[in-house]
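Number of protein chains: 6
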Amino acid sequence: MALDELPIILVEDEAVIQDFVEDTLTEAGFHPMASPTGEEALTLLQSGVVRYRALVTDINLNGGMSGWEMARRVREIDPSFPVIYMTGAAADQWASQGVPNSILLEKPFAPAQLVTAVSQLLNTGNPSPSM
Amino acid sequence: MALDELPIILVEDEAVIQDFVEDTLTEAGFHPMASPTGEEALTLLQSGVVRYRALVTDINLNGGMSGWEMARRVREIDPSFPVIYMTGAAADQWASQGVPNSILLEKPFAPAQLVTAVSQLLNTGNPSPSM
Amino acid sequence: MALDELPIILVEDEAVIQDFVEDTLTEAGFHPMASPTGEEALTLLQSGVVRYRALVTDINLNGGMSGWEMARRVREIDPSFPVIYMTGAAADQWASQGVPNSILLEKPFAPAQLVTAVSQLLNTGNPSPSM
Amino acid sequence: MALDELPIILVEDEAVIQDFVEDTLTEAGFHPMASPTGEEALTLLQSGVVRYRALVTDINLNGGMSGWEMARRVREIDPSFPVIYMTGAAADQWASQGVPNSILLEKPFAPAQLVTAVSQLLNTGNPSPSM
Amino acid sequence: MALDELPIILVEDEAVIQDFVEDTLTEAGFHPMASPTGEEALTLLQSGVVRYRALVTDINLNGGMSGWEMARRVREIDPSFPVIYMTGAAADQWASQGVPNSILLEKPFAPAQLVTAVSQLLNTGNPSPSM
Amino acid sequence: MALDELPIILVEDEAVIQDFVEDTLTEAGFHPMASPTGEEALTLLQSGVVRYRALVTDINLNGGMSGWEMARRVREIDPSFPVIYMTGAAADQWASQGVPNSILLEKPFAPAQLVTAVSQLLNTGNPSPSM
Numbered sequence: 001m002a003l004d005e006l007p008i009i010l011v012e013d014e015a016v017i018q019d020f021v022e023d024t025l026t027e028a029g030f031h032p033m034a035s036p037t038g039e040e041a042l043t044l045l046q047s048g049v050v051r052y053r054a055l056v057t058d059i060n061l062n063g064g065m066s067g068w069e070m071a072r073r074v075r076e077i078d079p080s081f082p083v084i085y086m087t088g089a090a091a092d093q094w095a096s097q098g099v100p101n102s103i104l105l106e107k108p109f110a111p112a113q114l115v116t117a118v119s120q121l122l123n124t125g126n127p128s129p130s131m
Numbered sequence: 001m002a003l004d005e006l007p008i009i010l011v012e013d014e015a016v017i018q019d020f021v022e023d024t025l026t027e028a029g030f031h032p033m034a035s036p037t038g039e040e041a042l043t044l045l046q047s048g049v050v051r052y053r054a055l056v057t058d059i060n061l062n063g064g065m066s067g068w069e070m071a072r073r074v075r076e077i078d079p080s081f082p083v084i085y086m087t088g089a090a091a092d093q094w095a096s097q098g099v100p101n102s103i104l105l106e107k108p109f110a111p112a113q114l115v116t117a118v119s120q121l122l123n124t125g126n127p128s129p130s131m
Numbered sequence: 001m002a003l004d005e006l007p008i009i010l011v012e013d014e015a016v017i018q019d020f021v022e023d024t025l026t027e028a029g030f031h032p033m034a035s036p037t038g039e040e041a042l043t044l045l046q047s048g049v050v051r052y053r054a055l056v057t058d059i060n061l062n063g064g065m066s067g068w069e070m071a072r073r074v075r076e077i078d079p080s081f082p083v084i085y086m087t088g089a090a091a092d093q094w095a096s097q098g099v100p101n102s103i104l105l106e107k108p109f110a111p112a113q114l115v116t117a118v119s120q121l122l123n124t125g126n127p128s129p130s131m
Numbered sequence: 001m002a003l004d005e006l007p008i009i010l011v012e013d014e015a016v017i018q019d020f021v022e023d024t025l026t027e028a029g030f031h032p033m034a035s036p037t038g039e040e041a042l043t044l045l046q047s048g049v050v051r052y053r054a055l056v057t058d059i060n061l062n063g064g065m066s067g068w069e070m071a072r073r074v075r076e077i078d079p080s081f082p083v084i085y086m087t088g089a090a091a092d093q094w095a096s097q098g099v100p101n102s103i104l105l106e107k108p109f110a111p112a113q114l115v116t117a118v119s120q121l122l123n124t125g126n127p128s129p130s131m
Numbered sequence: 001m002a003l004d005e006l007p008i009i010l011v012e013d014e015a016v017i018q019d020f021v022e023d024t025l026t027e028a029g030f031h032p033m034a035s036p037t038g039e040e041a042l043t044l045l046q047s048g049v050v051r052y053r054a055l056v057t058d059i060n061l062n063g064g065m066s067g068w069e070m071a072r073r074v075r076e077i078d079p080s081f082p083v084i085y086m087t088g089a090a091a092d093q094w095a096s097q098g099v100p101n102s103i104l105l106e107k108p109f110a111p112a113q114l115v116t117a118v119s120q121l122l123n124t125g126n127p128s129p130s131m
Numbered sequence: 001m002a003l004d005e006l007p008i009i010l011v012e013d014e015a016v017i018q019d020f021v022e023d024t025l026t027e028a029g030f031h032p033m034a035s036p037t038g039e040e041a042l043t044l045l046q047s048g049v050v051r052y053r054a055l056v057t058d059i060n061l062n063g064g065m066s067g068w069e070m071a072r073r074v075r076e077i078d079p080s081f082p083v084i085y086m087t088g089a090a091a092d093q094w095a096s097q098g099v100p101n102s103i104l105l106e107k108p109f110a111p112a113q114l115v116t117a118v119s120q121l122l123n124t125g126n127p128s129p130s131m
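From first to last, the protein sequence lines are chains A, B, C, D, E and F. Those letters in the first sequence? Residues 1 to 131, per the working numbering, in order. Those letters in the second sequence? Residues 1 to 131, per the working numbering, in order. Those letters in the third sequence? Residues 1 to 131, per the working numbering, in order. Those letters in the fourth sequence? Residues 1 to 131, per the working numbering, in order. Those letters in the fifth sequence? Residues 1 to 131, per the working numbering, in order. Those letters in the sixth sequence? Residues 1 to 131, per the working numbering, in order.
Derived from the structure by calculation, the hints contain no laboratory data. Treat each hint with caution, since some may be false.
To be verified - Some chain A residues well away from chain E (every beta-carbon gap over 10 Å; in silico):
{"no.": "1", "residue": "D13"}
{"no.": "2", "residue": "I17"}
{"no.": "3", "residue": "F20"}
{"no.": "4", "residue": "R73"}
{"no.": "5", "residue": "P79"}
{"no.": "6", "residue": "S80"}
{"no.": "7", "residue": "E106"}
{"no.": "8", "residue": "P108"}
What the hints assert, rightly or not - Partial list, derived from the structure: chain C residues whose beta carbon lies under 10 Å from chain B:
{"no.": "9", "residue": "E5"}
{"no.": "10", "residue": "L6"}
{"no.": "11", "residue": "L25"}
{"no.": "12", "residue": "E27"}
{"no.": "13", "residue": "F30"}
{"no.": "14", "residue": "H31"}
{"no.": "15", "residue": "V115"}
{"no.": "16", "residue": "V118"}
{"no.": "17", "residue": "S119"}
{"no.": "18", "residue": "Q120"}
{"no.": "19", "residue": "L122"}
{"no.": "20", "residue": "N123"}
{"no.": "21", "residue": "T124"}
{"no.": "22", "residue": "G125"}
In this text, all values refer to a predicted model and were calculated from it rather than measured experimentally. Beta carbons: idealized from backbone N, C-alpha and C, even for Gly.
Just need the whole structure built from these sequences, with the hints factored in.
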């Protein structure tokens with residue numbers, strides 16, 4: 001299936017992390033599209049030109065908007081939009097700043113963790129515990 | 001078991017709703033303690049005098065703080081504090097304004113819904129689907 | 001809050017069970033509205049006159065339509081409509097005939113089980129396991 | 001539906017707690033049957049005379065067997081048997097001593113918490129979060 | 001571990017999709033075995049010659065049986081059989097036609113989504129949210 | 001991100017399985033550190049020299065301690081420590097011997113199952129079903 005059919009918005013200002021995430025998502029079959037700030041990413045989303053499937057965002061970003069705020073704005077547009085946060089320092093704020101049904105990846109994290117997180121949120125059903 | 005051992009902070013400015021919630025929680029075996037504003041409720045929580053077990057809050061409140069903001073402040077103090085929102089008009093904002101692992105009761109709701117919500121959040125484990 | 005604001009469609013052809021369910025739901029703060037067949041219940045739903053909040057249905061019903069089929073039709077109209085099945089004999093068919101995210105109550109069941117089931121499905125969030 | 005059709009094994013050696021739990025479960029429509037020790041409760045279960053539906057057990061018990069051990073033995077007999085623990089002092093041991101998909105009620109707990117816990121574990125499906 | 005120990009039934013009539021799914025599952029360590037129709041797949045399952053571990057099926061299939069019906073028949077044989085649907089056009093029917101605890105992958109989907117879905121359903125426990 | 005930042009304790013006494021698991025985890029971006037017995041693994045954990053992120057353990061092990069017991073000891077140290085069991089013969093004991101919120105992989109299992117399991121347990125949030 002064509003890669004450009006699963007565009008994921010990536011908001012990350014550190015080049016090293018951006019490359020890592022882009023490579024990981026591309027290899028898994030997604031199409032990451034990077035923005036260095038939350039403001040630009042929101043503009044992209046709202047333009048409606050591309051039908052993005054998920055948001056992967058760092059918390060501490062360039063621009064005035066944090067990843068926490070970015071995700072809230074995205075959810076105002078689409079209440080079920082998949083949200084994945086990445087952070088090193090701000091992980092303990094998820095319980096107060098995260099949106100419901102989001103995933104947080106605490107740095108450092110393995111490529112597999114990111115891929116599993118995005119996949120889970122994109123799948124319909126995604127069942128829970130079973131015995 | 002003594003009722004005053006399960007104090008629940010209740011933030012509600014409409015007298016009718018406050019009575020309804022107090023009666024419901026009391027009958028279920030909890031001990032609701034009402035504050036008309038988020039600011040006062042936070043002060044109570046932070047005082048540490050009473051070990052509250054959960055927060056039940058309306059969204060549109062007296063005072064400058066909404067229920068959304070109230071819950072975030074509470075979670076900054078205790079990341080696992082049980083949070084239950086009640087709202088009529090603001091229900092569709094939960095996906096962007098709610099905290100993770102919270103419950104929202106959309107007005108009108110039955111007493112049983114409130115009791116089930118508080119009970120689920122207080123129980124450890126609280127399993128998921130099974131087949 | 002007014003009882004008639006939480007109408008629940010009840011599809012049950014045995015008078016004893018119907019009374020039991022009606023009493024249980026009413027006492028919990030819901031407003032059960034009974035139909036003896038799936039066909040009539042669907043007509044009620046589709047009329048749009050009342051904004052029903054959930055379906056509680058037996059499996060073996062009067063009329064040609066089983067509870068399994070009834071629930072599928074309801075979900076075609078509203079994909080997120082809360083569905084609760086009640087059955088004695090057909091319980092083991094849920095894994096093949098039930099709709100996703102539904103609850104099945106195996107007879108005999110306690111009033112509390114029915115109330116908890118309806119409450120869970122009506123609450124937004126309804127979190128899962130925690131440690 | 002007849003009360004004796006939903007027998008719940010209750011293992012509790014403190015008379016006050018036993019009365020509280022028996023009253024709560026009976027009022028909710030269950031039929032609690034009390035044993036003062038885990039050993040006796042296991043004998044009852046294994047006799048097969050009564051088809052018990054769930055176990056509600058304290059942790060610190062008369063007899064040599066703790067509630068933790070009791071629950072393991074029960075799960076050896078029936079891997080999906082609903083298990084609810086009650087404890088004041090041993091709550092923090094659940095993560096190492098509890099069985100999967102069990103619920104722990106930390107004393108003091110409200111009657112509603114116990115009823116919700118038993119109901120959830122008896123219902124098939126018992127869905128998880130929704131947005 | 002030997003690849004032929006994790007046989008997965010694959011029901012897909014489009015050659016391109018079949019190749020994509022076979023390659024993806026094989027690379028992940030599974031052993032996909034393809035049938036072009038639901039009828040043939042059911043015959044394979046019922047023969048008992050191979051102990052299949054999961055079903056991955058398209059919805060619109062050759063033969064009279066849709067993927068929805070296929071999955072129901074499989075669940076009649078084994079109520080806990082893992083079910084993964086793939087579809088482009090029929091995704092919105094999952095809420096009325098899907099079986100409980102199944103996963104639906106909406107085309108286009110990434111290989112990682114399919115692998116995560118199958119893995120989740122095969123793992124015992126597969127926990128839910130945590131804070 | 002540096003591989004040695006995600007150390008996973010691996011307790012496995014069969015060389016073939018140990019190699020398989022080490023290769024799988026390494027390729028996924030984790031850093032497996034193998035111990036042949038539960039006793040040695042516990043000593044490593046308790047030393048605090050390395051901040052391990054998860055436990056992957058077989059059930060039948062060298063030394064007196066089984067994987068079941070190993071996991072309980074780990075959870076006494078850290079109640080939220082991610083636990084993944086691997087077993088061929090002892091899978092049906094998970095319901096009585098497993099710890100809450102753990103995952104069991106029944107041999108034979110695909111590499112993808114192991115990677116998904118570890119990733120799920122390391123991610124914060126890790127949401128449940130959605131419709």
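Do the hints match the structure? See the list:
no. : hint : verdict
1   : D13  : holds (25 Å)
2   : I17  : holds (19 Å)
3   : F20  : holds (16 Å)
4   : R73  : holds (23 Å)
5   : P79  : holds (17 Å)
6   : S80  : holds (13 Å)
7   : E106 : holds (12 Å)
8   : P108 : holds (19 Å)
9   : E5   : holds (4 Å)
10  : L6   : holds (5 Å)
11  : L25  : holds (9 Å)
12  : E27  : holds (9 Å)
13  : F30  : holds (5 Å)
14  : H31  : holds (9 Å)
15  : V115 : holds (5 Å)
16  : V118 : holds (7 Å)
17  : S119 : holds (4 Å)
18  : Q120 : holds (6 Å)
19  : L122 : holds (6 Å)
20  : N123 : holds (5 Å)
21  : T124 : holds (4 Å)
22  : G125 : holds (4 Å)
Comparing the model with each earlier hint shows no violations; every hint is respected.
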